[in-house]
Amino acid sequence: MSQFRIILASSSPQRKALLSGAGYEFEVMPPDESVESGICSNCGPAELVLDLSARKAAHIASRLLANLAQPTLIVACDTVAECRGTILGKPHDEEHARAILEQLRGTRHRVYSGLCLWLLSPDSKTAPRTRIAITELEMQNLSDAEIDEYLATGLWQGKAGAFGIQDHPNWLSIVQGSESNVIGLPMELLAEMMGDS
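Here the numbering used here is used: position 162 in the sequence shown is 855, and no number is missing along the way.
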């Protein structure tokens, strides 16, 4: 499907599943966790995800450039939810997940993904390209019991905003934007950017 090697700079099972499901052949090379340290603490969600996706791509590029034998496309992405100006990443534990869901219930909120593509070539230098995808969602006004029931499933683990749209919760709907963006990799934007590569 591609004239170059594709590297997914992520260990996310959701991103792997989305790329595989779309028919891409790729390798997985997660960046070190230290890449996310020292991030901008007072920037907005768009700035944050764009910065983190670019950092992840740069980290993988630094590993590959010394022994690059063929054109290689790095795909890096970072996703957060945002509600009323507060950025909501992945919950640390169940109580954190509960607090996030309590904040989101009965609201419209947004999921932001920063997508960075960097095409490396042995004989030329190219710059990374970053774009953003935004999806607006609406969550029903869940009761405490409904939140408890969802938390007991464990489906909140490892997911920005403490939920996964791919799990089809009946209390969450997309108002506008891409479903794959909410899962963690905006496939429509990826296809558009790859068409420009």
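Accuracy of the hints is not assured; some may be wrong.
[Said to hold, decoys possible] Each computed SDA-like pair below joins lysine to any residue, with the alpha-carbon atoms no more than 20 Å apart:
1) Lys783 - Thr765
2) Lys783 - Lys818
3) Lys783 - Gly737
4) Lys709 - Ala884
5) Lys818 - Ser704
6) Lys818 - Lys709
7) Lys783 - Ser704
8) Lys783 - Leu848
9) Lys783 - Ala884
[Stated by the list, open to error] Quick list of simulated restraints, FRET-style, between CB atoms:
10) Ala845 - Ala762: 47 to 57 Å
11) Glu885 - Glu831: 17 to 27 Å
12) Glu831 - Glu881: 52 to 62 Å
Quick caveat, the hints were computed from the structure, so don't treat them as lab data. Ideal placement from N, C-alpha and C gives every residue a C-beta, glycine not left out.
Hint check:
no. : hint                        : in the structure
1   : Lys783 - Thr765             : violated (30 Å)
2   : Lys783 - Lys818             : violated (35 Å)
3   : Lys783 - Gly737             : holds (17 Å)
4   : Lys709 - Ala884             : holds (15 Å)
5   : Lys818 - Ser704             : violated (27 Å)
6   : Lys818 - Lys709             : violated (27 Å)
7   : Lys783 - Ser704             : holds (14 Å)
8   : Lys783 - Leu848             : holds (12 Å)
9   : Lys783 - Ala884             : violated (26 Å)
10  : Ala845 - Ala762: 47 to 57 Å : holds (49 Å)
11  : Glu885 - Glu831: 17 to 27 Å : holds (26 Å)
12  : Glu831 - Glu881: 52 to 62 Å : violated (21 Å)
Checked against the numbered hints given earlier, this structure breaks hints 1, 2, 5, 6, 9 and 12; the rest are met.
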